[in-house]
Amino acid sequence: MIHLAYLDAGSGSLIVQAVVGGVAGAAVAAKLYWRRLVDRFRRQPTDQR
Amino acid sequence: MTTSPAGVRPEPASFRDPANRVFHVGDEVLRGLDEQAAAHWRALTATAFFPALVAAGKVCATEDAPPALVPASAGDPWTAVLRHERIPFVSHPYEWSFTMLRDAALLHLEILRAALADGFTTKDGSAYNLQWRGAEAVFIDIGSFEPVRDGEPWAGYRQFCQTVLYPLLLTAHLGVDFQPWLRARVDGIEADQLRPLFAGARRLRPGVLTHLHLHGAMQQRHAEASTSDVRAELRAAGFSRELLLATVRGMEKLVRKLDRRPTGSHWSDYQRTCGYSAQDRAAKERFVTDALTTGARPRLVLDLGANDGRYARLAAEHADYVVAVEQDPAVVDELYRTLRAEGQRRILPLVLDLADPSPGGGWRGVERAGFAERASADAVLALAVVHHLAIGRNVPLPEVIDWLAGLTAPAGAVVVEFVHPEDPMARRLLANKPDGLFPDYRRDTFERLLAARGRITDRLELPSGTRTLYRTVMGG
Ligand SMILES: C[S@@+](CC[C@H](N)C(=O)[O-])C[C@H]1O[C@@H](n2cnc3c(N)ncnc32)[C@H](O)[C@@H]1O
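Residue numbers (the numbering used here), protein chains in the order written: chain S, 1 to 49; chain F, 1 to 476.
Mixed in with the good hints there might be a few duds.
Said to hold, decoys possible - Here are the simulated lysine-lysine pairs, DSBU-like style, with alpha carbons at most 35 Å apart: (1) F:Lys-257 to F:Lys-433; (2) S:Lys-31 to F:Lys-253; (3) F:Lys-253 to F:Lys-58; (4) F:Lys-257 to S:Lys-31.
These aren't lab readings, by the way, just hints derived from the structure by calculation. For clarity, every value in this text was computed on a predicted model and none was experimentally measured.
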């Protein structure tokens with residue numbers, strides 16, 4: 001179920017909360033970016049220069 | 001606004017979250033809840049943290065009320081209706097001093113932390129979630145509590161930065177008063193509006209690199225991403241409630257560190273430099289006390305140009321609630337700190353320039369009521385302040401008196417001190433203006449104008465002979 005809040009929390013404002021959360025937060029942020037990177041490679045293998 | 005049964009007034013500031021809505025019925029403050037909000041309310045009352053916060057006075061007292069009291073929203077009737085404790089005088093964050101905003105921030109974060117420990121969160125993070133009982137901050141937005149969904153960051157973080165943290169950074173790190181910035185933007189200061197002011201070594205000040213620069217950069221970078229995708233990604237990456245709690249604790253630590261720079265403003269030394277003799281002061285205090293105890297006990301007193309709050313305190317002995325208005329943010333901050341230390345709950349200090357009071361703001365200019373809309377006092381104190389408006393700001397005397405009458409409830413009293421043009425303080429102000437600019441600034445003119453707007457019941461010339469006090473029942 002998708003919960004959308006009445007208030008736009010802002011995507012950057014959500015992610016940055018991981019980054020400011022010390023070592024544990026940085027690990028979450030790193031994992032998020034890593035997954036995004038992997039996803040991109042999987043989806044568009046021919047897009048690379 | 002929607003039409004509604006007689007006597008029911010929808011609160012103009014309460015439309016943003018359609019799940020609930022605040023109404024005024026007579027003196028009562030009611031809140032209608034839709035089905036989901038009502039379920040959240042029931043769950044909230046069953047927690048440990050919520051009743052504890054209410055008992056400690058940190059959250060406004062709230063109880064169930066008959067749903068029939070409030071009209072249905074668009075079609076559907078409200079599932080439940082709540083009755084809230086009435087806040088004696090509603091104020092806006094741009095009328096608070098630095099330490100007031102800082103204390104409000106700490107209370108918001110404390111409440112969020114307590115909620116998180118008990119499986120709840122606040123769905124927003126606005127400075128407008130808070131109000132005051134005198135010098136005691138209180139969280140009023142009961143509709144903001146909802147069960148927390150594990151794995152998600154705080155939805156109110158951006159709003160908290162914009163309406164609370166950035167204003168505090170502005171004043172603490174740069175010595176710039178935040179009030180005009182907040183007043184100009186109902187949604188607060190955006191990261192990108194503040195970042196240029198924090199360049200160079202200023203980046204390294206507490207909180208700036210992360211909450212401002214990194215946050216701003218991330219907002220730009222992820223502007224296209226939907227928040228529901230990002231929430232799902234964060235959950236998958238292992239964002240936890242512990243992490244969220246750590247973030248909140250980090251913000252509390254940061255806010256506690258922020259402090260206003262001492263400025264030693266012109267007015268902060270006033271009581272030592274004002275030039276009242278001991279006799280003048282004693283006579284003035286007696287006059288003000290008598291003026292406030294003559295009629296019915298005032299519910300609300302406005303003290304205009306309150307300075308260190310000497311007369312606001314005096315008034316608080318004889319009235320239910322006193323709003324002490326003063327233009328100088330440093331003076332208000334001092335006053336707030338002393339009132340807070342005393343645990344004072346019946347004097348609310350506010351930063352406000354009487355010659356430029358808060359206008360209506362937000363949607364249609366009514367979402368944040370202007371000062372004139374809110375101010376209707378049973379007694380108004382205007383002690384040694386009229387000359388600042390009439391001479392210092394060139395406001396014609398008839399205008400000043402009209403305005404005083406406008407701030408006074410029907411049959412309320414105005415207690416006003418007229419500083420004669422020969423008084424040293426008036427002379428000092430007059431010396432900055434061309435000779436003969438204020439031919440009407442005279443005691444007899446003032447008195448005539450006052451008598452035209454009300455009934456002068458008492459009059460006293462202070463022993464120094466250059467100041468006169470009046471008690472006038474307006475319209476009487
Ligand atoms: C002479 S002192 C009087 C203080 C106090 N009412 C008394 O009678 O002792 C004037 C005060 O009014 C404040 N004041 C002057 N102009 C003002 C304005 N436009 N808006 C709000 N306060 C103002 C000053 O900052 C100062 O604290």
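Hint check:
A threshold of 35 Å between alpha carbons decides the hint, and for Lys-257 of chain F with Lys-433 of chain F the separation of about 44 Å lies outside it, so the pair is violated. Taken as a hint, the Lys-31 of chain S and Lys-253 of chain F pair is honoured in the structure, with Cα atoms around 27 Å apart against an allowance of 35 Å. For the given pair, Lys-253 of chain F sits about 20 Å from Lys-58 of chain F by alpha-carbon distance, which is consistent with the 35 Å threshold. At most 35 Å may separate the alpha-carbon atoms for a hinted pair to count; Lys-257 of chain F and Lys-31 of chain S meet this at roughly 31 Å.
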